[in-house]
Amino acid sequence: MNYSDRYLRQIANYSIVDVMLADVAVRIQLSPTDYQLAVDHYHAINEWLERDESPLKGCVSDFYPQGGFAIGATVARHSTDDEFDIDVMADIAYRLDVDPEDALATLHDAIRGERGSRYWLKTDRKTRCSTVNYDGMHLDVTPTVRVMGTLDKTGLIFHSKPEEPWAKKSLFANPHGFAQWFISQTPPDQDFGTFFERRSLDYDRERAILSKRADAAPVPEQCPAYQKSQAVIALQLIKRWRNLAYDKRHGARRLPPSVLLAYYVATHANQTKSLAEELSFQVESMLAILGEAHNRGQKVSASNPTCKDDILTDRWPADLSDQAVFIRELTDFAVKLRRLRGEIALPEMQQILEDLFGEKPARSAMKDHVQRFGQDVGSTGSRFMPGKASIPAAVVGSAAAPSSVRSAPSHKFFGDHPDDLPKRR
Amino acid sequence: MTYRSVDEQDAEIRRLFPDFRLTAHADWIAVWEGPLRPASKTYRVRIVHFRRTIFDGWTLDNPYVTVHVVDPLVGAQMLANETLLPHVYWNDRNPAWPALCLWDPKEMFWTPEMSIATTIIPWTSEWLLFFEYWQISGEFLGPGRHPPRRRKECPNPPETSDPETRARRAQFRNDEFHRIGREAGVFGSYLWMAAALRDCSQRLFSPSSNGDISGAPRSPVISISSPARQPVGSSRSVSEPA
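Residue numbers (the numbering used here), protein chains in the order written: chain A, 1 to 425; chain B, 426 to 667.
Everything labelled a hint here was simulated from the structure, so no lab data went into it. Hints may be right or wrong, so weigh each one.
What the hints assert, rightly or not - In silico SDA-like pairs for lysine to any residue, Cα to Cα no more than 20 Å straight-line:
no., chain 1, residue 1, chain 2, residue 2
1, A, Lys360, A, Tyr203
2, B, Lys531, A, Lys360
3, A, Lys360, B, Tyr428
4, A, Lys388, B, Pro443
5, B, Lys466, A, Arg339
6, A, Lys248, A, Thr331
7, A, Lys367, A, Lys168
8, A, Lys388, B, Glu564
9, B, Lys466, B, Ala521
10, A, Lys367, B, Glu538
11, A, Lys126, A, Ala167
12, A, Lys168, A, Tyr203
13, A, Lys360, A, Gln371
14, A, Lys412, B, Thr543
15, A, Lys412, B, Pro497
Only a predicted model underlies this, so the values are computations on that prediction, with no experimental measurement involved.
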């Protein structure tokens, strides 16, 4: 792949913190290979719902992605696994006054199929959707009924627990409209988008080589879905941080919803020049909104900009204590990000990244970076920036480099053998 | 290819690294100090460069170029943790002050034909990045090797009774001490000059860069091979021609 000198000059200016944050995001997101797998699952379920024996044959008028899958912000659920939630909407030709339990139960039956069929043991019924469990991912299918005369794809979704029949209800929602609004608010900067796409594909390729799967499809040269904006990466990092913080310290509490975080990120998107700055700015902005509401003694509230009846805060915060916990966590997050952007050495940088986003992705990102740099030093030689001989992290391990960086000849280090050195008294 | 002069080296260093300063300079020796920031943290390094190591009748054993990290002292953590730094030349007298070992003489040998600005300085930055990661994992991920250590013994040249040789030595001491004395800013009798040379070498080769050498550890940082014994009372870091 040939890159312009302008592009290479741009990315060579990314700080090592920018590059480490991007590399952590690469490691916690749905990989391009798994993304394609998710798309395949999504199409398979759509076709399955239309099979001859399906109670919904001929009734599914639309089937589309929503949530993190629709906006490219899917992240692993927990620190210890690589499980991803893929959210899709099934627009079904129910009557608008359909009983919520019937709507959910019918979809569940249609997916699960007959005893012995391929999804029989893989499908779980949830309060608002049915979940199909695959290795490494879960496809959540939410039934909706289109409300005519409203903005495109505005509809009703359903809430029902069989054991709580009194609590069932229908709710307005337009997740498709929200996703379109989010995407329009967070257009990728072309250079960063290209950088992140290449980083994602390179990492996916390395993983494929390591897994030595003979049947694995080759990773493509390009994958436009991974040309993401800094705001989207910031959202992924915030979601990952939230998952870990609540796993570790607030296991009994409901998570602040991803859609609310996405709403805040899109509201303040792309006002900064680097990923580290974007992440810091987003966290500080959320903190300001939540803090202001909390100081007034009120819970925050927000609605879908494309459907005012679609309330994004309908289930969180349940009370002010939920809000106070999140504010406390966000404050700690903001402090650590400020430190991360300061003048710190790699050990402290890695420690903060581990605290915020998990040991596995942080260690892997850091080690891979230094290893790639070591290979450069011993083979083609390293690159450095005039001034303080800073190492341009974004072009480490890359064949191409901009005219603004200099090259040093390859060499090998030498020195007294540590084992031979005299012991101190 | 000819050896670059100190002025040529300095010009290129200043062009690529404007914050570097030439802190001592003679025709055959130069010392630069400046900041390097391999990743996010800034270090101050000192580069000592001997443009010549072969003189009339004697040879300087030091390498053409030596790099120390002045701030923070990279060996300090090693002392605290009893861990030994990779890819340094051990400094017995001041373990917090090891010289970085930036190239393998089996692969190549750095000579003053080469540019300090495009080799030594970026290699130092590389070393610092690998050092930072070594602090995390105990792995130095830069390429290289550690041969078994061989302690260098100072040569002990035989005493001579030849009056001509003694006269040549005295002349050398006089010329050389005056030259370095001018650098050190101290002049005086022969014995004073010996002390001046010792102080000068401590100032150049100690962590203290502010001229205060009272607390600086004494370090055998210059060693000279010569068939003659060193004069009593002079620094052990100098000897004179036979």
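Do the hints match the structure? See the list:
{"no.": "1", "hint": "A:Lys360 / A:Tyr203", "in the structure": "holds, 14 Å"}
{"no.": "2", "hint": "B:Lys531 / A:Lys360", "in the structure": "violated, 38 Å"}
{"no.": "3", "hint": "A:Lys360 / B:Tyr428", "in the structure": "violated, 50 Å"}
{"no.": "4", "hint": "A:Lys388 / B:Pro443", "in the structure": "holds, 9 Å"}
{"no.": "5", "hint": "B:Lys466 / A:Arg339", "in the structure": "holds, 12 Å"}
{"no.": "6", "hint": "A:Lys248 / A:Thr331", "in the structure": "holds, 16 Å"}
{"no.": "7", "hint": "A:Lys367 / A:Lys168", "in the structure": "violated, 50 Å"}
{"no.": "8", "hint": "A:Lys388 / B:Glu564", "in the structure": "violated, 24 Å"}
{"no.": "9", "hint": "B:Lys466 / B:Ala521", "in the structure": "holds, 19 Å"}
{"no.": "10", "hint": "A:Lys367 / B:Glu538", "in the structure": "violated, 35 Å"}
{"no.": "11", "hint": "A:Lys126 / A:Ala167", "in the structure": "holds, 14 Å"}
{"no.": "12", "hint": "A:Lys168 / A:Tyr203", "in the structure": "violated, 45 Å"}
{"no.": "13", "hint": "A:Lys360 / A:Gln371", "in the structure": "holds, 16 Å"}
{"no.": "14", "hint": "A:Lys412 / B:Thr543", "in the structure": "holds, 15 Å"}
{"no.": "15", "hint": "A:Lys412 / B:Pro497", "in the structure": "violated, 24 Å"}
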